[in-house]
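Residues in the sequence shown are numbered consecutively from 226, following my numbering.
Hint data in this document are derived by calculation from the structure and do not stem from the laboratory.
Just so you know, even glycine gets a beta-carbon here, dropped at the ideal spot from N, CA and C.
Hints are supplied without guarantee of correctness; some may be wrong.
[What the hints assert, rightly or not] Here are the computed distance ranges between Cβ atoms for each label pair:
1. Pro303 - Glu391: 30 to 40 Å
2. Ile264 - Arg384: 16 to 26 Å
3. Asp359 - Gln285: 12 to 22 Å
4. Arg384 - Ser409: 20 to 30 Å
5. Glu286 - Ile357: 16 to 26 Å
6. Gln396 - Asn316: 14 to 24 Å
7. Ser323 - Glu383: 33 to 43 Å
8. Val289 - His362: 32 to 42 Å
9. Thr324 - Gln285: 30 to 40 Å
10. Pro303 - Arg392: 27 to 37 Å
11. Arg287 - Gly393: 34 to 44 Å
[To be verified] Here are the simulated DMTMM-like cross-link-like pairs (lysine to aspartate or glutamate), alpha carbons at most 20 Å apart as the crow flies:
12. Lys338 - Asp369
13. Lys363 - Glu269
14. Lys363 - Asp329
15. Lys338 - Asp292
16. Lys363 - Asp389
17. Lys338 - Glu286
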Amino acid sequence: ALVARDPLAVRLLEIEASFGVAGTPIWGAIEHAARLRDIAVLWEWWVLLALVRELEGATQERAVWSDAFDEKLGLRTPALIRFGARSLLYNGATPSYSTPLRPDFVWRDENGKPLAALDAKFRVNVERGSVIGDDLHKMHAYRDALGVSVALALHPGERSVFYDRERGPQQTWNVRAALAGALSGVGAWGLRPN
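Work the whole structure out from these sequences, hints included.
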């Protein structure tokens, strides 16, 4: 099938085996995206799995997907993936002081309060190898409207950048600290399927 020839889709299928959700209809959506060559959708699925893996490490809690799946339809949207008392909301509207916003992912505390907004972005500035400025502007909108400590664009690449609200650009920063609420600002987290 086409999926077998698409490196990102192949990697997604390899990763899904490690999550123990093989055989669920979610992976039909990956194959559908591969057939359409919709790389942005494939990227979003890969980011979901990479983010779950990162959160498992940060929280020392295994992700619980049980409420996130429908037997016939696969992954529900919105989907809530639990890590102990905390949760990751995927593709769900989050209330703000003006209008609900829909970042791809919202990391929430034990009371459901949004801590971080994360958005999968496939665009990069090829000339400079960095995230496009519009994506960082969107992160400001998420951070301010949703009242989260951190908003991150998750883009393909190796370069990550963070702009701390008080200290400005940070050359070194830790994603886990950002997700724990220890940082305050916006940024971009470079991820590369390996």
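Here is how each hint holds up against the structure:
The supplied range of 30 to 40 Å is met by Pro303 and Glu391, whose beta-carbon atoms lie about 33 Å from each other. Our hint of 16 to 26 Å for Ile264 and Arg384 holds, since their Cβ atoms are close to 19 Å apart. The hinted window of 12 to 22 Å between Asp359 and Gln285 is violated, with their beta carbons roughly 36 Å apart. Checked against the given bound of 20 to 30 Å, the beta carbons of Arg384 and Ser409, roughly 21 Å apart, stay inside it.
At roughly 34 Å, the beta-carbon separation of Glu286 and Ile357 lies outside the given 16 to 26 Å, and the hint is violated. Under the hint 14 to 24 Å, the C-beta atoms of Gln396 and Asn316, about 32 Å apart, miss the expected range. Between Ser323 and Glu383 the beta carbon distance is about 36 Å. The supplied range of 33 to 43 Å therefore holds. Between Val289 and His362 the CB atoms are about 34 Å apart, so this pair conforms to the stated range of 32 to 42 Å.
Between Thr324 and Gln285 the beta carbon distance is about 36 Å. The supplied range of 30 to 40 Å therefore holds. Separation of Pro303 from Arg392 is about 34 Å and conforms to the stated range, judged on CB atoms against 27 to 37 Å. Take Arg287 and Gly393: their Cβ atoms lie about 37 Å apart, and the range 34 to 44 Å holds. Under the criterion of a C-alpha separation no larger than 20 Å, the hint pairing Lys338 with Asp369 is consistent with the structure, at around 14 Å.
Note on Lys363 and Glu269: the hinted pairing holds, with a Cα-Cα distance of about 17 Å set against a maximum of 20 Å. For a cut-off of 20 Å, the pair hint linking Lys363 to Asp329 stands: about 12 Å separates their Cα positions. Under the criterion of a C-alpha separation no larger than 20 Å, the hint pairing Lys338 with Asp292 is consistent with the structure, at around 19 Å. Taking the CA atoms of Lys363 and Asp389, the gap is near 16 Å; set against the 20 Å cutoff, the hint holds.
Pair hint Lys338 plus Glu286 holds up; C-alpha atoms about 19 Å apart against a cutoff of 20 Å.
The structure does not agree with the numbered hints 3, 5 and 6 stated previously, though it agrees with the rest.
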